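As a plain string of letters, each chain reads:
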Amino acid sequence: MNALARALNSDIGYSFRKTPVAMVSAVVVTILILSAVLAPLVAPYNPFDPATLNLMNGFSKPMEPNAFTGDVFWLGTDDQGRDVFSTILYGMRVSLFVGFAAVLFALTLGVTLGLLAGYIGGWTETLIMRAADVQLTFPSILVAMLIFGIAKGFTPVDMRDQMAIWVLIIAIGLSDWVQFARVVRGATLVEKNKEYVQAARLIGRRPGAIMIRHILPNVLSPVLVIATISLALAIIAEATLSFLGVGAPPTQPSLGTLIRIGQGFLFSGEWWILLFPAVTLLALALSVNLLGDWLRDALNPKLR
Amino acid sequence: MLGASLYRLSHAVFVLALVSIISFVMFRFAGDPCYAILPIDHTPLQYADCRARLFLDDPFLVQYGAYLERLSRGDLGVSLHYGEPVLGLIFQRFPATFELVMLSGILSVLIGIPLGVLTAVRPTSRWSGLSLSGSLLGASLPTFLIGILLMWIFAVELRWLPSFGRGETVMLGHWDTGLLSSSGWRSIILPVITLTLFQIAVILRLVRSAMLEILRSDFVRFANARGLRAGRVNYIHALPNALIPVVTIIGLQIGSVLSFAIVTEVVFQWPGMGLMFVNALQAVDLPLMAAYLLVCAVFFLVINLVVDLLYLVLDPRIAVERS
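First to last, the sequence lines map onto chains A and B.
For what it's worth, my numbering labels the leading residue of the first sequence as 1, then goes sequentially.
For what it's worth, my numbering labels the leading residue of the second sequence as 1, then goes sequentially.
Just so you know, these hints were derived from the structure itself, not from any lab.
These numbers were taken from a predicted model, which means no experiment stands behind them.
Every residue, glycine too, gets a C-beta built ideally from N, C-alpha and C.
Check each hint, because a few of them may be wrong.
[Unchecked claim] Label pairs and their computed distance ranges (CB to CB):
1) Val313/B with Arg206/A: 44 to 54 Å
2) Val21/A with Arg126/B: 16 to 26 Å
3) Met171/B with Phe48/A: 46 to 56 Å
4) Ala139/B with Arg206/A: 38 to 48 Å
5) Ile33/A with Arg73/B: 52 to 62 Å
6) Leu16/B with Gly13/A: 43 to 53 Å
7) Arg126/B with Asp11/A: 29 to 39 Å
Generate coordinates for the entire structure from the input sequences, incorporating the hints supplied.
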């Protein structure tokens, strides 16, 4: 409790309490993440357990008793009688897992390369920053698609569905490291000429230790901002790829896959199969984005 | 000037070389092309012959050289899925994508720039507030959701516009265009709006922030003090200067238009290159993917070059400074 009180009294905490948008987004994000993590406890049904499915429940409308079985589903059911609310909770798990893992991957890769480029300089820097320039020539979603396609080409056919999630994480992560590398390199270039780094060098600490123990903690705050905004972008990228049918497989649907499936029912009038996953995705992406915007302003003293 | 152009050129050559290596590796090492080409009941002799014919047993660099030589002849391989040369397939679908991207590019510039100027010049007007909040929404909605939403409203509920395809197309030589028939125009409306909304949002914000900066500069204040009409100051004096950074970003943005076009084409089943690319991804049709990658790279580099040249026209100072 003590730590919480201290956090709320800090600069960031103050700015947080003064920004209603940030508080609302934080609440929305927390609720969504919690309900995704606790999906097996929260969800009324397990949509992937065929034993609990009843085909008679197919196409139930939201909040109305089913014509055959009389069961009521909050957000309706799909063609196979799966509860839409439960599939959204499980789908959000996949979306969030891919989003977090991809950002973590991009962050690790980008921060490492950025530190190396900034601290070592020379041809290491040229090589890394040139690669970043080349990648920036291409839109990141296209890069992610290509990596996904190549990786799919290299995985054996019978492994493709199981590997799809991991391939997706690598593809989105690899398409997103440039931002981290650029910012960290810039910050490292500033930090490495400061006295504390010179002092550390003077007492004979090795370059690796200087980079990790001394420079890294001082360049982390912009990284945090980029990571939050990247999370929103990664969630949308994952949804887009899955919507295009080149992401999460139907056996492990993410929100994007659910929207893809839902679009098929748009013409026959079952709007709820499409609408609710879409609204969830929007709420998730928008609130993470707003949180990132607030964090950027809060951590930048110049804007105050 | 010369130095900058040389750097640009070396960057372009470097990117192209890299892309050609990636597409070569995709084509050559992901799976055995002979298994894809030969019938399923091939003999070991046919297999050995195929490997020899494709130079698969030669060293990497020799194979890469042979690949470049084929590229220079315009031979990008044969699609595994369609069984036709991929370059022909891509050019068949090029007009559909080109018409979509160009129409939305023109529209987003024609709408985005005036709105950006408006929001900068009259920040308190009701229209400014409306377009600013609209642009926030346009920038945060994923493209495919915009597409689905439009389709739901205008194609499914109201039934005003078709929900998929290009409508009736007319062949003009080798170019089949959808812009000469009424059903073609009706079909292109929803995809173009989907693709344009995000671009308008981006351009509006760019023009607005560039204009706000320019409006604070001395020469604008001086022009106002001289008693020039507001319209003349804003459009003749301020706007051209504000457009310089905007042109660069719009140039870079065209790359992202191409990738959003992929999404739009899938939503509306628009028979362009993007839809074919996604189908190739699903079918793991590597030669087709590799060729699409190359065509895109060439497209991006040409656009970047054009942007650099436009820069010189818009801002003669750059040419003087660099020389």
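Comparing the hints with the structure gives:
no. : hint                               : in the structure
1   : Val313/B with Arg206/A: 44 to 54 Å : holds (53 Å)
2   : Val21/A with Arg126/B: 16 to 26 Å  : holds (23 Å)
3   : Met171/B with Phe48/A: 46 to 56 Å  : holds (50 Å)
4   : Ala139/B with Arg206/A: 38 to 48 Å : holds (45 Å)
5   : Ile33/A with Arg73/B: 52 to 62 Å   : holds (55 Å)
6   : Leu16/B with Gly13/A: 43 to 53 Å   : holds (51 Å)
7   : Arg126/B with Asp11/A: 29 to 39 Å  : holds (37 Å)
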